[in-house]
Amino acid sequence: DSLPRLASALRAAGYRLAATAGTRADLASAGFDARPVAKLGAEPDAAAGEVAILDLIASGEVRLVVNTPTPRSGAVRDAAEIRLAATGEGILCLTAIETAVAAAEAMDPAVTAHLADVRSLSDWVPDPGRPRQASADSLLVAAAR
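When we follow the numbering used here, the leftmost residue of the sequence shown carries the number 1, and every step to the right adds one.
Please keep in mind that the hints were generated in silico from the structure rather than gathered at the bench. Ideal Cβ positions, reconstructed from N, Cα and C, are used throughout, including at glycine. Some hints could be false.
Simulated restraints on C-beta separations [claimed, not checked]:
| # | residue 1 | residue 2 | range |
| --- | --- | --- | --- |
| 1 | Pro109 | Gly60 | 20 to 28 Å |
| 2 | Pro69 | Arg5 | 18 to 26 Å |
| 3 | Thr112 | Glu43 | 36 to 44 Å |
| 4 | Gly14 | Glu43 | 26 to 34 Å |
| 5 | Thr112 | Ala42 | 35 to 43 Å |
| 6 | Arg5 | Thr70 | 35 to 43 Å |
| 7 | Gly49 | Ala110 | 30 to 38 Å |
| 8 | Val111 | Arg77 | 22 to 30 Å |
| 9 | Ala46 | Arg83 | 34 to 42 Å |
| 10 | Ala113 | Ala47 | 28 to 36 Å |
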């Protein structure tokens, strides 16, 4: 299942989770805890520590929203409002679980520590007319038209 994989990758990247009741139950059954969030339009259960989803998004605490409603979930009509709220706050909103898993796994510090340094193209390719410093292990790549 993709949800436990997503939760695991987000935790490894240092994220805390928040979810509505159904998703929280799925996460709990996989061994993950999540902050309780009331569905859009529902009154939050303060005794259970629930917070309204739009309030949480507007609070500045949220860095990523994963919203993958299905016609069966009944949440499709709420998805547009959630996405609008997230993007309005400058929060990345992913709408496919596979994309969210890939993004979360890419944020894992164990992965990012082994990535190459990001450099501009001009660091790799010299300006035209400027000779590049050659070394014994230089590789010549020629392109012909």
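Evaluation of the provided hints:
no.: 1; hint: Pro109 <-> Gly60: 20 to 28 Å; in the structure: holds (23 Å)
no.: 2; hint: Pro69 <-> Arg5: 18 to 26 Å; in the structure: holds (19 Å)
no.: 3; hint: Thr112 <-> Glu43: 36 to 44 Å; in the structure: holds (40 Å)
no.: 4; hint: Gly14 <-> Glu43: 26 to 34 Å; in the structure: holds (31 Å)
no.: 5; hint: Thr112 <-> Ala42: 35 to 43 Å; in the structure: holds (37 Å)
no.: 6; hint: Arg5 <-> Thr70: 35 to 43 Å; in the structure: violated (18 Å)
no.: 7; hint: Gly49 <-> Ala110: 30 to 38 Å; in the structure: holds (31 Å)
no.: 8; hint: Val111 <-> Arg77: 22 to 30 Å; in the structure: violated (36 Å)
no.: 9; hint: Ala46 <-> Arg83: 34 to 42 Å; in the structure: violated (26 Å)
no.: 10; hint: Ala113 <-> Ala47: 28 to 36 Å; in the structure: violated (42 Å)
When held up to the earlier numbered hints, the structure conflicts with 6, 8, 9 and 10 and fits the remainder.
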